[in-house]
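Trainee: This is what each chain is made of:
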Amino acid sequence: MIAALERVRTAQVAAIGGVDRLTLAYFNREKKNYEEHVYDEYLEVVSMLGDITLKDGKPFLHIHGTFGKRDMSVVAGHVVSASVFPLLEVVITPTKNTALRRFDDDVGVNVIFKT
Amino acid sequence: MIAALERVRTAQVAAIGGVDRLTLAYFNREKKNYEEHVYDEYLEVVSMLGDITLKDGKPFLHIHGTFGKRDMSVVAGHVVSASVFPLLEVVITPTKNTALRRFDDDVGVNVIFKT
Amino acid sequence: MIAALERVRTAQVAAIGGVDRLTLAYFNREKKNYEEHVYDEYLEVVSMLGDITLKDGKPFLHIHGTFGKRDMSVVAGHVVSASVFPLLEVVITPTKNTALRRFDDDVGVNVIFKT
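Chains as they are written, first to last, in my numbering: chain D, 1 to 115; chain W, 1 to 115; chain X, 1 to 115.
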């Protein structure tokens, strides 16, 4: 992974492009789990936005995205996985501060915490 | 507010996360006012994007956002207010130039103007 | 164009604001062409995200966008053209690396290639 190779600890990530297979999720706050949806079609990556932080000393990627369909409507949410086609144009911008992340049992998600 | 504390004058702001109460608006250009919509449910913050500029010498936040529902559809527009849950991951990137903002009577919105 | 004036070679571009005429496109990967849709109404620019790269030695702009309607729904895709109203707040962030772009006959789009 680029973040590990380049020793990026904390960064902003933004991308546009296309995908031909995608898994999105919505966080169910009552059940504390992610509800997943799979899409098997070509979608424009209208926006992927998120960050790289350190979890257990390793880069952790957290991305939300908006994906455009043929009729100009969208699906959007927490990105679980994506298969890129034909390309994804990504800008990774390291931040001045380092942010650490860990799993929070009360909330049910990986949160950034104060050090 | 962070911008005032850190003496940020002009910056780009980008965020992802979640909210459980949200007020969005659409600018009605004929009536020159914002039409507001309130959402009382957990929504993924798929994208919040905007800027901090100086208005009357104080930091002024202007944010537009896309928010994801449980069925992967979205609501989107000008962000009036939002209640964060469980967290909002924000990257604030100061710009080299300073931008000033003031209310423009003709248009009916706060605009960035040339100095 | 700002990129040529400021000698920007590769940059990230992000913007919010409003438009009153817009042409969006979806890439049809079977036919290898862009299917265009035109909108003649005021839309909030919820997110415009993309990049400037060099194609044949000249700045080339590639932008995807999400645009908000009066009912808080969106249209989104590859931005072909847009008429700004009342303003577009753009942040252009030059990257450390230079990216070059050229047309790829196999895929049917302008791609960034390794040098």
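Among the hints, erroneous ones may be present.
Derived, one-sided and incomplete: chain X residues facing chain W with beta-carbon distance under 10 angstroms [as the list claims (entries may be wrong)]:
1. GLY18
2. GLU44
3. GLY57
4. LYS58
5. PRO59
6. LEU61
7. ILE63
8. PHE67
9. GLY68
10. ALA76
11. VAL107
Here are the simulated DSSO-like cross-link-like pairs (lysine-lysine), alpha carbons at most 30 angstroms apart as the crow flies [unchecked claim]:
12. W/LYS96 <-> W/LYS69
13. W/LYS55 <-> X/LYS58
14. X/LYS114 <-> D/LYS96
15. W/LYS55 <-> D/LYS96
16. D/LYS69 <-> D/LYS114
17. D/LYS58 <-> D/LYS32
18. X/LYS58 <-> W/LYS96
19. W/LYS69 <-> W/LYS55
20. X/LYS96 <-> D/LYS58
21. D/LYS69 <-> X/LYS114
22. D/LYS55 <-> D/LYS31
23. X/LYS69 <-> W/LYS31
24. W/LYS114 <-> X/LYS96
25. X/LYS69 <-> D/LYS58
26. X/LYS69 <-> D/LYS114
27. X/LYS58 <-> W/LYS114
28. W/LYS32 <-> X/LYS32
29. X/LYS55 <-> X/LYS32
30. D/LYS69 <-> W/LYS69
31. X/LYS69 <-> X/LYS96
32. W/LYS96 <-> W/LYS114
33. D/LYS69 <-> X/LYS31
34. W/LYS69 <-> D/LYS32
If you're looking for bench data, these hints aren't it; they were derived computationally from the structure. The C-beta atom is built at its ideal place from N, Cα and C for all residues, glycine as well.
Trainee: The structure should be examined with respect to each hint, and the outcome stated for every one.
Mentor: Each hint tested on the structure:
1. GLY18: Hint on X/GLY18: holds, closest Cβ of chain W at ~7 angstroms, below 10 angstroms.
2. GLU44: Holds, because the Cβ-Cβ distance from X/GLU44 to chain W comes to roughly 5 angstroms (cut-off 10 angstroms).
3. GLY57: Given a least distance of 25 angstroms, the restraint on X/GLY57 is violated.
4. LYS58: With Cβ-Cβ at 24 angstroms, over 10 angstroms, it is violated.
5. PRO59: Hint on X/PRO59: violated, closest Cβ of chain W at ~19 angstroms, above 10 angstroms.
6. LEU61: 17 angstroms, violated
7. ILE63: 13 angstroms, violated
8. PHE67: Given a least distance of 8 angstroms, the restraint on X/PHE67 holds.
9. GLY68: Holds: closest Cβ of chain W sits about 4 angstroms from X/GLY68, inside 10 angstroms.
10. ALA76: This interface hint holds because 9 angstroms falls under the 10 angstroms limit.
11. VAL107: For X/VAL107, the interface hint is violated, since the closest Cβ of chain W sits about 26 angstroms away, which is over 10 angstroms.
12. W/LYS96 <-> W/LYS69: Violated, at about 36 angstroms.
13. W/LYS55 <-> X/LYS58: Violated. W/LYS55 to X/LYS58 sits at ~36 angstroms, over the 30 angstroms cutoff.
14. X/LYS114 <-> D/LYS96: 28 angstroms, holds
15. W/LYS55 <-> D/LYS96: 26 angstroms, holds
16. D/LYS69 <-> D/LYS114: 39 angstroms, violated
17. D/LYS58 <-> D/LYS32: Between D/LYS58 and D/LYS32 the Cα gap is close to 24 angstroms, so the pair holds against 30 angstroms.
18. X/LYS58 <-> W/LYS96: Holds, because 24 angstroms separates the two Cα atoms, which is no more than 30 angstroms.
19. W/LYS69 <-> W/LYS55: 34 angstroms, violated
20. X/LYS96 <-> D/LYS58: 24 angstroms, holds
21. D/LYS69 <-> X/LYS114: 29 angstroms, holds
22. D/LYS55 <-> D/LYS31: 23 angstroms, holds
23. X/LYS69 <-> W/LYS31: 16 angstroms, holds
24. W/LYS114 <-> X/LYS96: 28 angstroms, holds
25. X/LYS69 <-> D/LYS58: 41 angstroms, violated
26. X/LYS69 <-> D/LYS114: Outside the cut-off at roughly 38 angstroms; violated.
27. X/LYS58 <-> W/LYS114: 27 angstroms, holds
28. W/LYS32 <-> X/LYS32: Judged against 30 angstroms, a Cα distance of about 42 angstroms means the pair is violated.
29. X/LYS55 <-> X/LYS32: 20 angstroms, holds
30. D/LYS69 <-> W/LYS69: Measuring from Cα to Cα gives roughly 17 angstroms; hence the hint holds.
31. X/LYS69 <-> X/LYS96: At roughly 36 angstroms apart (the allowed maximum being 30 angstroms), X/LYS96 and X/LYS69 break the hint.
32. W/LYS96 <-> W/LYS114: 15 angstroms, holds
33. D/LYS69 <-> X/LYS31: 16 angstroms, holds
34. W/LYS69 <-> D/LYS32: 16 angstroms, holds
The structure shown violates the earlier hints numbered 3, 4, 5, 6, 7, 11, 12, 13, 16, 19, 25, 26, 28, 31.
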